[in-house]
Amino acid sequence: MTDYFLYLTLASYFGATVLWLAFFLAQRDSLCRWGAWTMAAGLVWHTLVLLQRTWAYGYLPVAAFGGALLLFDWVLVAAFLLLNWRYPIRVLGALVAPLAALIIYGSLILPRGQGTISPLLRGFWLTAHIGLTMGGYAALTLNFLGGIFYLIQERQLKAKRFGFFFRRLPSLSQLDTLNYWCLSIGFLLLTGGIITGSLYAQHTLGRLWSWDPKEVLTMLAWLIYAVLLHERLTVGWRGRRAAWLAICGFLVLLVTFVGANLWMSGYHSFAKFGKP
Amino acid sequence: MNLLLVGLNQKTASLELREKLAGLIPDLPAAYRSLKDFPEIAEIIFYSTCNRVELLCLAEEPAAALERLRAFISGAPEVSPEALSASLYQHQGPEAVQHLFRVAASLDSMVLGEPQILGQIKEAYRQATEQQATGPVLNRLLHKAFSVAKRVRTETGIGDHAVSVSYIAVGLARKVFGELAGMTVLLLGAGEMAELALEHLRAQGVGRLIVANRTLERGLRLAERYQGEAISLEELEEQLCGADILISSTGSETYLLRRDQVRAAMRRRKQRPLFLIDIAVPRDLDPAINDLDNVYLYNIDDLQEVAEQGWQRRRQELARAERLVVEETVKFQDWLLTLEVYPTIIGLKEKAAAICQAELKKTLSQLGPISEDQRQSLEVLLASVSQKLLHDPIIFLKRNHHRKNPHLELDLARRLFNLDQDRQTEESEEEES
Chain X
105 MTDYFLYLTL ASYFGATVLW LAFFLAQRDS LCRWGAWTMA AGLVWHTLVL
155 LQRTWAYGYL PVAAFGGALL LFDWVLVAAF LLLNWRYPIR VLGALVAPLA
205 ALIIYGSLIL PRGQGTISPL LRGFWLTAHI GLTMGGYAAL TLNFLGGIFY
255 LIQERQLKAK RFGFFFRRLP SLSQLDTLNY WCLSIGFLLL TGGIITGSLY
305 AQHTLGRLWS WDPKEVLTML AWLIYAVLLH ERLTVGWRGR RAAWLAICGF
355 LVLLVTFVGA NLWMSGYHSF AKFGKP
Chain W
582 MNLLLVGLNQ KTASLELREK LAGLIPDLPA AYRSLKDFPE IAEIIFYSTC
632 NRVELLCLAE EPAAALERLR AFISGAPEVS PEALSASLYQ HQGPEAVQHL
682 FRVAASLDSM VLGEPQILGQ IKEAYRQATE QQATGPVLNR LLHKAFSVAK
732 RVRTETGIGD HAVSVSYIAV GLARKVFGEL AGMTVLLLGA GEMAELALEH
782 LRAQGVGRLI VANRTLERGL RLAERYQGEA ISLEELEEQL CGADILISST
832 GSETYLLRRD QVRAAMRRRK QRPLFLIDIA VPRDLDPAIN DLDNVYLYNI
882 DDLQEVAEQG WQRRRQELAR AERLVVEETV KFQDWLLTLE VYPTIIGLKE
932 KAAAICQAEL KKTLSQLGPI SEDQRQSLEV LLASVSQKLL HDPIIFLKRN
982 HHRKNPHLEL DLARRLFNLD QDRQTEESEE EES
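Chains X and W are the protein sequences, given in the same order. Going by the numbering used here, the first sequence opens with residue 105, and the numbers climb by one from there. Going by the numbering used here, the second sequence opens with residue 582, and the numbers climb by one from there.
Keep in mind that the hints were calculated from the coordinates and are not lab data.
So, partial list: chain W residues that the calculated Cβ filter (under 8 Å) puts toward chain X:
1. ARG755
2. VAL757
3. GLY759
4. LYS851
5. GLN852
6. ARG853
7. PRO854
8. ASN871
9. ASP874
10. ASN875
11. TYR877
12. ASP883
On a predicted model such as this, the values are computed, not experimentally measured, just so you know. Quick reminder that beta carbons are idealized off the backbone N, C-alpha and C, glycines included.
Could you put together the complete structure from these sequences and hints?
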């Protein structure tokens, strides 16, 4: 039953990908509208998948890597739809939709069983920790995608060669504004995630910080974003430099989220491959 | 009936001649009245754009109408008939239709794909309809021309690529800033191109304007003209902090702004983007400025290169546009042909009705008294027989089998049913003599 919804989600996101890419090529408004609606439909199925699993396991299905990806994908799509509604930078869909579809596909391959989860790791604070962190990841992912677009567009304006992307990408100031907002919100959420995590650790393990690889890497990413935000507010680090730093920060986050779980071990690690 | 188009444009006539002809029609209503009075001309419209003057009419006899139109154009003051006849071109039938479509879609103009021409023809058409100079054929043709122009615009990219330097500059500024509303423009020196760019920027809603000039006095005059503030060149660096777009076109021999100056200004601006256009030759702005982050510098060569790319794109689209025009011309020609068929169809029906009536009368007089019902059944019988008999010939005529020589079929049909009584008698008279 769950898989049935999951396949529907996957189909919707792939459909949205096709529509958004067609929009990117043909620049017809109706395509992008349909793309957004198809994605919203996908989000509904996606929500059903998550609800169904949460109900079945009794907690958010994040114990295994596949499940965590599912949750992250849900937050990403929701954040994008929210952004698309309030501050439409429509070409972004051409990156978010395929990403969303690929993550769902990935979660189908990766282990997503119930995993073994210590009863210690349940409760409101943990849910808050996971929710905030995932929200932060999603906003910073959008920041990363916006940064890529910014660099492409900036490159064309500087080199004075106007190719395929020039007409299709929005103006630099729109992209920069997008990056700024995503950075601010993402940074706040990530900070919130770290704080709730630490408090919860203090409460359960008796220490705020335990040098878990995930903790260290997250702190590194957080520092990068903190520097970026600070410099932006004081001396106006914007545009190209901001886009590059956002990309660096995101890569660290990626290692944190993916690498730390697959290759390093700590209490943040997801259930190992092969285990039910 | 045939369509006839006479005119001259920038390719066939000198500017001098076109200028004289631009004043050809000082009094529009009078001109239309005198043209409509010619018996050869059924419907007429004339239009003049920046580079052309053309008359398009539906004429009974094209040869006679052509003479009339020539005489009309030669009537313009100070125009010699010799100069005129050398530069006039004429198109008839499908060629006239195609020519109009090409003009309306701006495929025949100096600036390929410029949008103004369509507006000018629309305006001319409005005036012609006000004077009731057009009829069913020209009305349909002109509306078709507008829709063809629209199709060419939307289905080919012929108007998409900017080709004027000032317009390109504004387009680039929009790619940097998004909305230009409320931006501050700094004008360094003034010139035709700078003014054009400023006009485009104003249309986008830019806010403050600052004018800097070597001599403050001239700067003040310029500022007054463009409703801006005047500053001296010494204040330039300082003012750079507040400006977003700078257009430079002074006659200075040295750079007015160097890289380090702009870099210092950028620091004070907290890196807000700065867009610089240098259209001066020799250049006013150090090209190294473009290396700075968040600063975008374009000189006249850069802009012209973009314009050249725009031209290339437009020329590439030309072939597609031409194909579209040919397609639509054929469609319009088909419609014209069906129009020609109608009098024959009506003639056929009238003839059948007349025969029915005559035969009915004869039969009724022989039958003696019959009831009203019986009489009606007789009428219905006659009507349905004639209708069924004519059905196939009418369908045949409407289909226009001979696109190349449609008159053959029409002629045959008319002779077959003897619809032209006069001609029949003429022919029989000829035979007798």
